[in-house]
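K.L.:
The chain contents come next:
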Amino acid sequence: MMPRGDSGPDPVWSRLPQAFRIPFSGTRRELETAVLALLASIAITSVLMLISGKAPGHVWWAMLTRTTSDPYVLGQVLYKATGIALTGLAVSLALEARLLNIGAEGQVTAGVLACALVGTALPAGTPALVAIPVCVVAAAGAGAAVGATIGVLRVWRGAHEVITSIMFNAIVSGIALYLGNRVMFRNGTTTGAPIAPGAELSPLGFGGSSANTSIVLAALAVLVVWWLRGRTTWGQAWRAVGQSPEAARSAGISVGKVQILVMTGSGALAGLAAANFVMGHKHAFEEGLGRGTGLLGISAALLGRMHPVGVAIAALALGFLSSGGLAVGDLVDKELIEMLQGVVVLAVAAAVPWVRRAEVAA
Amino acid sequence: MMELLTTVFSLGFAAQVLRIAVPYALAAMGGAITERSGVIDLALEAKLLFGAFTAAAVGHATGSAVLGIAGGVAAGMIVAAVQIGCALRLGADQVIIGIALNSIALGGTRFLLQRLYGEGANSPPCPAYGSAVLTNPIVWIAVIATAVLPFALRRTRWGMRLRAAGDRPDALVAVGVSPTRARLAAALVGGALAGAGGAQLSLAVGGFTADMSSGRGYIALAMVILAGWRPAWAVLACLGVATTEALRIAFQVTGVPVAQELVALFPYIATVAVLIIVVSNRRPPPRSLGQV
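Note that the protein sequences, when read in sequence, are chains A and B.
Using the numbering used here, you'd call the opening residue of the first sequence number 1232 and step up by one each time.
Using the numbering used here, you'd call the opening residue of the second sequence number 490 and step up by one each time.
Treat the hints as calculated values from the structure; they're not laboratory data.
Warning: the hint list may mix true and false statements.
[To be verified] Per the computed footprint, the stretches of chain B lying under chain A, defined by three or more beta-carbons under 8 Å from a beta-carbon of chain A, are:
#	segment
1	573–587
2	590–596
3	709–720
4	739–752
[Unchecked claim] Ranges between beta-carbon positions, derived for each pair:
#	chain 1	residue 1	chain 2	residue 2	range
5	B	570	A	1591	21 to 29 Å
6	B	495	A	1277	18 to 26 Å
7	B	605	A	1519	57 to 65 Å
8	A	1277	B	570	58 to 66 Å
[As the list claims (entries may be wrong)] Not close to chain B: a few residues of chain A, all C-beta gaps over 12 Å, as computed:
#	residue
9	1258
10	1270
11	1361
12	1388
13	1436
14	1444
15	1515
Ideal Cβ placement from N, Cα and C applies to all residues, glycine included.
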C-alpha cells in the first residue's frame, strides 16, 4: 500500500505489516455490499414465498429454530459449509486475479474421483498417517490438474476460462461416470468400493450428521490463503494482476505465469473439497457426490467479497441456507432454496456498483 | 459398420443434424448480436432454459405450438431485458450477471414446475413438432435469421448502431444516439432468437425437462467466439456441433461398440479443441465488449 500522501505523522498502524492493517473504508464497503446483497436476496426469496402462498416470516423463523435446536441439522450445516468454504476459496483466489473459475464444479468431481481411486487402491492396512495425506494430495492434485489446464488454455490460446470451465465440467463428470460404470460401481449400484479405513476422517458427532474433521482442512486453507494473499510477494503479484494486468506487466510481473499458477492453486483448493465428501462422509466414490458445491462456491466467493475470512463466513451462511432449506422442506419447496444461490450472486453483482456509487455520492 | 454408414449418409440424418442445430444456431445468433453491441452474453443458457419452459407451459395451456413459440420468444426477451437492466443500468459485472441468471433459470424453472404442476422434473405434455423439419416454424425462423442477420448488421440503421455501440460507443454518442438504447435493441432481438431456440428444445420433444438446455448456451457462445462474432459463421460452427451430436445418436442406434458416456462428450471436447485450434486474436472481439 502506498504511504499516505497527507502531511502529519503517519498513524501507528501504518507501520504494522500490511496484513494486520485494516483498510477501514475498504472493509466497510465490502461489508455493506455483502449485507445489502444478503438482505436483497432474502427479500426476493420472501416475495417468492409469498407468491407460493407461504408466510415468509414463519418459514425463516422455522429455518432458524429448527437448525439451532437440532444438532443433526447443525452438523449438516458444518458439513455443507466445509465443502463450500473450499470451493469458495478456490473461486475467490481466481477472482482476485480477475479469472472466473466456474470450473470448481468439475475440479471437485476430479478430486472426488482421484481421492476415491487412490483410497480404494491403498491396502486395507495402510496407517492413517500415510493414507490421509496420500488421498488429500490425490484430491488436490486432480483438481489442480484441471485448473491448470484451464489456466494454460487461457494464457496460451486466449480461450475464455468461463467457456473452457463449463466444457471441462461436462467432460470431467462424463469421465467420472465412465470410470464409475466400467471400473468402480459395484453390481448395479452407483457407489464404488470403500476406501482404505486408514483414509477415513472421523465424524464430529452432531447427532450422526456428516460433519467431519475435514473442517480442520478447510480452516487451514482459509489461513493459508489469508497468509499468501496478504503477507507474501506472491499474493501481491496475483492481486496486482487482478487489479490491472497492464500495470502488473509493466511492473515486471509475468501475467501469464501468475494466471496459470492461480488457476492451479484454485483447482487444488476445489479438489480438496473431495476430502470432505469422500474421506469424511461417503468413504467411497458415488455418482454425483459433491455436485453443486462448485457453483455454491461462486456465491460464497462473491458474498465473502473474496476475503478468506469473509468466504468462510459466507460458506457458513450458504450452508445454513441449504441445510436449513431442507429442514423446512415441509413448509416450502426445496427448489426455492436452490434458486437462492443464483439470487445471491445476482444481488452481489448489483450491490457492488450500487454501494460504490453511494460512496462516491456521500 | 455398413449400417452406420447408410444411417449417416441419408436424408434423415441431415434432417436430424438440422433439428439438433436449431437451438444452438438460434442461441449463437442471439449471442453474436448481443456481443457485437458490446455486452457479454453469458446468459444464453438462461434464455434457452426459460424459453423452453415458457414454450412448453404456454403450449400445454393453449394447445397451440405457435403460441408456445411466442411464449419462448417473450421469455428470452424478458431475460435479456433483466440482463441489460442489471448490466447497463446498475453497472453490474456482465460475466457474473450471466452466471447468476443461468443459475436462477436452473432453479427457477424447477420452482415453476413444482408450483404450476406439482412436479419436480417434467412438464405435462405440450404440442410437439417431433422430427418434422419443413413444417416446423422454428427451423424457418433459424433459416431466415441466418440469411437476414448479416445483411441487417451491415445495412440497417439497427445494425449499424448496434455495431457502433460495440466498437465505438463514443462515436455513437457524438451523433446523438444512446449506446445503451442501441444495446437494448440488440439484446432484445438476441433474447428473442435465443428464446425461440429454447422453444425448439421443448417443442421438439413435446415437453419440458429440468436442465434440458444442458450447457448448449455456453457451447453456442464458444461458437460465436470461434466465428469471430459473425452470425452466419456461428451458425455454420453450430452445424458442426450438431453433426457430432447426431453422430453420437447414430452410434447409439446402430450399436457401434463405443462407450456412450465418452461419445456423449463429443460436443464438449470438440468445443475445447476448437478453442485451442482457433487463433483467438485473428478476429478481435467488439472493442467495447464488457465495458460500460
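K.L.:
For each hint, tell me whether it holds in the structure or not.
P.N.:
Cross-check of the supplied hints:
{"no.": "1", "hint": "573–587", "verdict": "holds (count 8)"}
{"no.": "2", "hint": "590–596", "verdict": "holds (count 7)"}
{"no.": "3", "hint": "709–720", "verdict": "holds (count 3)"}
{"no.": "4", "hint": "739–752", "verdict": "holds (count 3)"}
{"no.": "5", "hint": "B:570 <-> A:1591: 21 to 29 Å", "verdict": "holds, 27 Å"}
{"no.": "6", "hint": "B:495 <-> A:1277: 18 to 26 Å", "verdict": "violated, 59 Å"}
{"no.": "7", "hint": "B:605 <-> A:1519: 57 to 65 Å", "verdict": "violated, 26 Å"}
{"no.": "8", "hint": "A:1277 <-> B:570: 58 to 66 Å", "verdict": "violated, 23 Å"}
{"no.": "9", "hint": "1258", "verdict": "holds, 21 Å"}
{"no.": "10", "hint": "1270", "verdict": "holds, 16 Å"}
{"no.": "11", "hint": "1361", "verdict": "holds, 33 Å"}
{"no.": "12", "hint": "1388", "verdict": "violated, 5 Å"}
{"no.": "13", "hint": "1436", "verdict": "holds, 32 Å"}
{"no.": "14", "hint": "1444", "verdict": "holds, 31 Å"}
{"no.": "15", "hint": "1515", "verdict": "holds, 19 Å"}
In the structure shown, a violation is registered for the earlier hints numbered 6, 7, 8 and 12, in ascending order.
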